[in-house]
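A.B. asks: In order, the protein sequence lines correspond to chains P and V. FYI, the numbering for the first sequence is 1 to 113, going by the working numbering. FYI, the numbering for the second sequence is 1 to 114, going by the working numbering.
No wet-lab data here; the hints were simulated from the structure. For each residue, glycine too, the CB sits at the ideal point set by N, CA and C. Where hints are given, some of them may not hold.
Said to hold, decoys possible - Quick list of in silico lysine-lysine cross-link-like pairs, PhoX-like style, CA-CA up to 20 Å: (1) V:LYS70 - V:LYS3; (2) V:LYS38 - V:LYS16; (3) V:LYS109 - V:LYS70; (4) P:LYS57 - V:LYS16; (5) V:LYS101 - V:LYS3; (6) P:LYS57 - V:LYS101.
As the list claims (entries may be wrong) - The following label-pair restraints were derived from C-beta to C-beta distances: (7) V:ALA1 - P:ARG15: 30 to 36 Å; (8) P:ILE12 - V:ARG50: 24 to 30 Å; (9) V:GLY43 - P:GLN17: 20 to 26 Å.
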Amino acid sequence: DTGVSQNPRHKITKRGQNVTFRCDPISEHNRLYWYRQTLGQGPEFLTYFQNEAQLEKSRLLSDRFSAERPKGSFSTLEIQRTEQGDSAMYLCASSLAFSYEQYFGPGTRLTVT
Amino acid sequence: AQKVTQAQTEISVVEKEDVTLDCVYETRDTTYYLFWYKQPPSGELVFLIRRNSFDEQNEISGRYSWNFQKSTSSFNFTITASQVVDSAVYFCALSIYNFNKFYFGSGTKLNVKP
Numbered sequence: 001d002t003g004v005s006q007n008p009r010h011k012i013t014k015r016g017q018n019v020t021f022r023c024d025p026i027s028e029h030n031r032l033y034w035y036r037q038t039l040g041q042g043p044e045f046l047t048y049f050q051n052e053a054q055l056e057k058s059r060l061l062s063d064r065f066s067a068e069r070p071k072g073s074f075s076t077l078e079i080q081r082t083e084q085g086d087s088a089m090y091l092c093a094s095s096l097a098f099s100y101e102q103y104f105g106p107g108t109r110l111t112v113t
Numbered sequence: 001a002q003k004v005t006q007a008q009t010e011i012s013v014v015e016k017e018d019v020t021l022d023c024v025y026e027t028r029d030t031t032y033y034l035f036w037y038k039q040p041p042s043g044e045l046v047f048l049i050r051r052n053s054f055d056e057q058n059e060i061s062g063r064y065s066w067n068f069q070k071s072t073s074s075f076n077f078t079i080t081a082s083q084v085v086d087s088a089v090y091f092c093a094l095s096i097y098n099f100n101k102f103y104f105g106s107g108t109k110l111n112v113k114p
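Just need the whole structure built from these sequences, with the hints factored in.
C.D. replies: The following block contains the structure:
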């Protein structure tokens with residue numbers, strides 16, 4: 001297994017456009033997390049899935065954000081009507097349920113112009 | 001509410017110096033877990049260590065050591081004889097019971113100069 005992968009690695013979009021990011025977790029991991037990291041800050045929790053169920057969402061996840069994990073494997077994070085404030089690194093991590101050790105992907109850097 | 005504070009934004013040391021990174025946390029839960037992660041320039045966060053709230057035994061692993069003190073809500077991380085490859089951003093994090101949410105500090109950027 002090659003670890004957690006995220007695509008694309010970089011995305012530049014114009015304000016108002018929709019974007020979608022993909023995360024492929026480590027295959028046997030049933031938990032998947034999304035975080036947002038802005039420059040000079042630590043990762044901020046957005047949401048997590050256990051298998052296909054989305055069990056918790058942060059208040060940071062506005063109505064413009066939606067995440068899915070349809071078959072309990074890969075996950076997508078969609079941002080609709082992007083704003084400049086959405087510019088950040090979006091990190092995905094996976095783990096076994098109730099395991100403390102999260103494995104992080106390389107992130108998708110979003111720039112909204 | 002949970003909160004993690006890393007007051008040191010950036011530290012610069014010369015290779016072979018010892019360096020301690022500070023972390024202070026807040027939580028009302030009695031069962032919680034503390035972590036240190038390393039984020040090298042390549043960007044991927046790497047897990048370093050975990051401690052649970054019932055285990056205040058400090059640990060040394062090679063050049064790394066950790067000092068967990070519940071009385072002061074601190075979980076400090078020391079690198080002995082620093083090396084240039086230690087240059088990275090280090091994050092302290094907190095999670096409670098079933099690891100459904102992690103709270104990260106703002107990170108400390110460590111620069112180790114040759």
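A.B. asks: State the violated hints by number, sorted upward, taking the hints as numbered earlier in the document.
C.D. replies: 3, 4, 8
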